[in-house]
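Chains as they are written, first to last, in this note's numbering: chain E, 30 to 313; chain H, 30 to 313; chain V, 30 to 313; chain D, 30 to 313.
Calculated from the structure, these hints are not laboratory results. A couple of the hints might just be wrong.
Treat identical chains as interchangeable: a pair holds within one or across any two.
Computed list of lysine to any residue pairs in SDA-like fashion (alpha-carbon distance at most 20 Å, straight line) [unchecked claim]:
#, residue 1, residue 2
1, K82, E254
2, K216, G241
3, K82, V279
4, K116, W213
5, K232, A71
6, K232, R94
7, K308, L142
8, K82, E276
9, K82, V44
10, K308, H235
11, K116, R94
12, K232, Q56
13, K308, Q56
14, K216, T62
15, K232, P87
16, K177, S270
Only a predicted model underlies this, so the values are computations on that prediction, with no experimental measurement involved.
Take a look at the letters that make up each chain.
There are 4 protein chains.
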Amino acid sequence: MEHLYRLTLSCPDRVGIVARVSNFLAQYNGTITEANQHADMAEGWFFLRNEIKADSLPFGIETFREVFAPIAADMNMAWQVNDSRQKRRIVLMASRDSHCLADLLNRWHFGDLDCEIPCVIANHDDLRSLVEWHGIPFHHVPVDPDNKAAHFAAVSELVMAARADTIVLARYMQILPQSFCTQWSGKIINIHHSFLPSFIGAKPYHQAFERGVKLIGATCHYVTEDLDAGPIIDQDVMRVSHRDTIEEMVRRGKDVEKAVLARGLRWHIEDRVLIHGNKTVVFE
Amino acid sequence: MEHLYRLTLSCPDRVGIVARVSNFLAQYNGTITEANQHADMAEGWFFLRNEIKADSLPFGIETFREVFAPIAADMNMAWQVNDSRQKRRIVLMASRDSHCLADLLNRWHFGDLDCEIPCVIANHDDLRSLVEWHGIPFHHVPVDPDNKAAHFAAVSELVMAARADTIVLARYMQILPQSFCTQWSGKIINIHHSFLPSFIGAKPYHQAFERGVKLIGATCHYVTEDLDAGPIIDQDVMRVSHRDTIEEMVRRGKDVEKAVLARGLRWHIEDRVLIHGNKTVVFE
Amino acid sequence: MEHLYRLTLSCPDRVGIVARVSNFLAQYNGTITEANQHADMAEGWFFLRNEIKADSLPFGIETFREVFAPIAADMNMAWQVNDSRQKRRIVLMASRDSHCLADLLNRWHFGDLDCEIPCVIANHDDLRSLVEWHGIPFHHVPVDPDNKAAHFAAVSELVMAARADTIVLARYMQILPQSFCTQWSGKIINIHHSFLPSFIGAKPYHQAFERGVKLIGATCHYVTEDLDAGPIIDQDVMRVSHRDTIEEMVRRGKDVEKAVLARGLRWHIEDRVLIHGNKTVVFE
Amino acid sequence: MEHLYRLTLSCPDRVGIVARVSNFLAQYNGTITEANQHADMAEGWFFLRNEIKADSLPFGIETFREVFAPIAADMNMAWQVNDSRQKRRIVLMASRDSHCLADLLNRWHFGDLDCEIPCVIANHDDLRSLVEWHGIPFHHVPVDPDNKAAHFAAVSELVMAARADTIVLARYMQILPQSFCTQWSGKIINIHHSFLPSFIGAKPYHQAFERGVKLIGATCHYVTEDLDAGPIIDQDVMRVSHRDTIEEMVRRGKDVEKAVLARGLRWHIEDRVLIHGNKTVVFE
C-alpha cells in the first residue's frame, strides 16, 4: 500500500485557501494523489482533503505538522495530517449478533480494512471463538442492569488500555452514557438498523413492519449524546414487500447494515469524513 | 391491449380458497394470464389477484359478478372484478409544481397510462396551458385562506361531476379536510417528497437538509385522515451528499417523486394494490 | 424453522392446472403458506411453486410423491417436491479469493443459510484454516496445467463422495470440463464478476476499466457448457467513477459478488428457481 | 441563477498545477464556488474543474481567456472557460418515440435544464405538435433509405444554421455517417437503451429478453465512429424478472433512459464532463 500523508482541514471560507495550501505543497515538491474541496456557501465554511505521496516530501509527518502549523493558524483551520503507515486503532464492540462483527473481521483479516483491531469488547460471550480465531483479544464485559456504571467503567478502561482512537459499535445494543459520548466525540461509530431519522431507538424493523414501509435501511453515524441523532456518515436501503415478515426483514437487513458500516468505517479510517456541526462532509 | 378481467379479493385465510376460485374459473374455461396470492400468516388473512382473458369466459363482467358472488359470500371475501376496457377515471390535482403533473400527462398522452383523465384541478392557474394542450379540461379553484371550505366544496363538486373513481394529488400542496379523506378512503393517492415516516408535513427537503441525510426519497401512499400516515404503495430514494443544497435536493428529488407516483398510480389502475388496515399488498 | 414441503412444477400451459393442484392440496387439507405461479404466454408454458405446511397433510414426502405423480403425469409436468427438513448438500469450490467463501460460511455458521456443507474443495491451500475453523473438511486439489483432467477427476470423486446435490463456484477460477457441466446440469452455481453478458471470460474488472463503464456488477448463474452463458439467477451492480482504479473496482466489486451469490444460492436452496431453456423463473 | 465562469482543463500531471491555477485565481480575488480535481496516476494525466463567481473577478470572460492562456500554454493544458450566462445551444434529434424528447422539453420548459434549444429535427413528423407547443421550431427531415446522404446533408445544414454546439440524439434511430461523427466529435450525446457494452446495436431489449438478464439499463455516451462504443457519461439499470415481456421491458426501460439522458446532458451543459481517450472524467 502506498505511503501517504492525509491532510484534512476546515476553516471559514475566504479567497486564497487552496492557493495557500497548494503553494505550501508545491514549494516542497509534494505530489498530490487525490484532492477534494468543498465550500459550503450557506455556512461560509471551507473543507479540504489532500493525499500526498509521503516520499515526495523532504520531511516526515512531525516536520509536516510543524511547517504547516503557521498556515493553519493564520487561516483559523481545524486540521490534521495523518500518516497512512500509522494505522488507526479500532476497538469493536458487539453483543450477540455476529453479522457486522464477522464482516469487519473478515475484511480486516483479508486485507481490505487497513487498521489495527486491538480488541473486541462484548456484553455477551457468544462471539468469543469467532474473534479469537482471528487472533484478536476478546473481552466479555457483562451488563448488570442494576449497575450499568460498572460495565461502562470496565469498557472505558479497556478502551484506554487498548490505546484506541476509534470505537465501532457493531450492533452493540447498549446506550452509552452521555459522559462517554462526550469524551469520545467524533470517534464512536454506530450502525443503526433503519434509514434515520425514521425508527429511532429500539426494534426499528418492528417499527418498519408496523408502518408498512417498502424500503428498509441502515445508517452509519457518529454517536452523540442524543440517541441516533449524531452526524450521518452513510445510509442505504433495500426493497421489502408485503411478503416480508419481521424475521425476514431482520435477516435481509443484515446485508445493508454490514455494507453501510464497512463503507462508513473505511471512509473514517482514510480521513474522508469531516464533521461540521451535526453533519458530515464525506470526500469519498 | 388485451381484454382482461381483474379479480382481486381478500378474506380470512383457510384451506381451499385457491381451489374454490380456480375451480370456478376452470369450470368456465377461463384462461388465467397472471395470478398472485399472499397469505399473511400473522394476520390470518388471504389475498389474491387473478387476471383472466375476458374472451375465454362465456359471459361478461356483470354475469361474472353474479356467478362469483355466492363463492365470495361463502368465504367472507372483500372482492371486486374489473374490466380492463372500463377505464379508471382519474382526476389529477396540482398546484404550481409541474414535474409530476407533466410526467403523468405525458405518459397518458403517449399510451403508457391506461386511464381516463376527465379533468385537472389546481389551486393556481400556472399549469393551465400545459393541461389544455393535452385536450384535458383545467379547473382553477383558488384557495381563500379564510374560507378553505369553499375551495374544498368546489373541488368536491368537480370531482363528482367528473365521475372520478380516483384522485391523484400530483404535488397539490393543500391538506384535505377529514370528511373528504373519509369519503374517498382508498381512492386518493398522494406523492410525499420524503421517504416516510421521515419528514412528515411541510418542507421535507428542508428537514432532510437540516438532518444531513445521505438519501432523499419519495413516498406514494393512500391519503387518510392522518397527515402522511396512510397506507404506503411505493417508495424510492436517491443519494445526496454534502455538496447538495436544498435547491439541488428539490431539483433532483423531482425525478424520484415522478417515478414513484407513476409506478404507484399504474399499480392502482391495474388493481394491483390491496389495502389491509394501514398497509398494502402490492402484486406488482 | 417451519417444516414445509416445497412443490415446484412446470408444464405446457392449459386451463385448469391451478385448479387441479389446489384441489389436490385442499382435498388433503394442506395449508399453503406461499404460492407463486407464472404463465409464459409467448412460450405457452406454466410454472408453479407452492409451500405447504408439512404437518397439515396426513402423509409424508414419499406418499406425497406417490399420490401427486398421476396428476403430474396427466399434465406432462416436470416437477419435484422437497422436504425442508432434508437439507441440501452444497459443495463449495474456491481458489484463493476469500470474500465469497467467507461470506457463505458465515451465513451458514450463524444460521442464515439452511443447508449442509459437506466439504470445500480448492485448487490452492490458502483458505484451509478459514474453512476448518467452521468444522468443515477442506480438500486441496491442485491443478497441474499439463494434466487438468487429473484435477477434475479428483474433484468429481470428492463431490460424489460428499453426496452433493449442488456445487457452488465461489470464485473458483477454473473452467469446468464440458462433461462435468453436462453431468451436473442445473446444479452448478457460479458467480461471475461482471453484469453479464458484458465482460465474459477472464479479468472482467480489467475489461470494465478499459471500457470506462460507470457501473460494475456481478451475475449469479447456472453453469452450462458455454462459458458464462448459462441461465442467470440474479444480477446486481454498483456505481464506479473515473476515480476508481482496477484495484479499487476489484475491492469494491467483492461486495456485489458476495451479495448476489448469497441471494441466488438461497433461492436455489429454497426451490425458488425454475430453469426453462436458458432462462430462469425466480419465485423470490 | 448565479453568474459563474467554469474553467476546465486537463494536462500531463506534475507538481504545482493546482498551485498555479489557484494562485492565478487568488491573485485576482476570484471566489471559487466549486472545485474538482483528478489525477489519473496510471495515465499520468491531470484534470481540473473550477467554478468561479463571475463578479468576484475584475474582468470578463474574454480577458479571463487572455490572462489565463500563458499559464495553460506553459503547462500544455487542453482547457476552456465558459460563461454560465452564455447558454449552450442544443439541437435535439428524435424519431417517433416521445419519452426522452418530452422529458427534456419539460425540464427545459420549467427551468430545470439551462440551455437554448434552437430546434428539434426528426425523421418522422409525429412529434411536431409536442415540440411546437413549447415554441420550438420542428424540422421533419425524412430518411430515404436509398439516399440517406440527402437526409444527413439536410440535418447537417439545419444544425449549422441553428449554431448548435451540442447535438442530442433523443432516441433518434439512425446511424450517423462517420464524417458527421468526426466533425462533431465530443459534441453528440446519445442515449442507448442497454447497459453498454451489453447489447450493442438494434433492439437491445429484445437481446436482453433473449439472454434472460435480471437487469435492464441505459447508457448515455458521446457518439464516435464506432457504433455504441464512444465515451460513456452515465449509466443506470432497473430490475426486471421472468414476468416482464419485451413490451414491458420497453415500457419500463423508458424511465431509465430519460433519467440517464437528462443527467448526462445536464453534466455536459455544466462542463462537468471531460473526455480523455475513450473515457470520461465526470465531476458531478
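Verification of the supplied hints:
Taking the closest pair of Cα atoms, K82 and E254 never come within 20 Å of each other, the shortest separation being 38 Å inside a single copy and 40 Å across copies. Taking the shortest Cα distances, K216 and G241 sit within 20 Å of each other only across copies (18 Å), while inside one copy they are farther apart (34 Å). Within a single copy, K82 and V279 get their C-alpha atoms no closer than 43 Å, and across copies no closer than 23 Å, so neither meets the 20 Å cut-off. Taking the shortest alpha-carbon separations for K116 and W213, only the intra-copy value of 18 Å comes in at or below 20 Å, while the best inter-copy value is 47 Å.
Taking CA atoms no more than 20 Å apart as the test, K232 paired with A71 passes between copies only; the shortest distance there is 18 Å, against 37 Å inside one copy. For the identical chains of this complex, K232 and R94 are neighbours neither inside a copy (46 Å) nor across copies (42 Å), given an alpha-carbon limit of 20 Å. Taking the shortest alpha-carbon separations for K308 and L142, neither the intra-copy value of 24 Å nor the inter-copy value of 29 Å comes in at or below 20 Å. Only between protomers do K82 and E276 lie at most 20 Å apart by alpha-carbon distance; the minimum there is 18 Å, versus 48 Å within a single protomer.
Proximity of K82 to V44 under the C-alpha cut-off of 20 Å is restricted to the inter-copy arrangement: shortest distance 11 Å between copies versus 26 Å within a copy. Only between protomers do K308 and H235 lie at most 20 Å apart by alpha-carbon distance; the minimum there is 14 Å, versus 27 Å within a single protomer. Only within a single protomer do K116 and R94 lie at most 20 Å apart by alpha-carbon distance; the minimum there is 18 Å, versus 46 Å between protomers. In this assembly of identical chains, K232 and Q56 lie within 20 Å of each other by CA distance neither inside one copy nor across copies; the values are 55 Å within and 41 Å between.
In the homo-oligomer, the alpha carbons of K308 and Q56 never lie at most 20 Å apart, since the shortest distance is 34 Å inside one protomer and 32 Å across protomers. Taking the closest pair of Cα atoms, K216 and T62 never come within 20 Å of each other, the shortest separation being 26 Å inside a single copy and 30 Å across copies. Within a single copy, K232 and P87 get their C-alpha atoms no closer than 54 Å, and across copies no closer than 39 Å, so neither meets the 20 Å cut-off. Taking the shortest Cα distances, K177 and S270 never come within 20 Å of each other, neither inside one copy (39 Å) nor across copies (38 Å).
This entry does not satisfy hints 1, 3, 6, 7, 12, 13, 14, 15, 16, going by the numbered hints stated previously.
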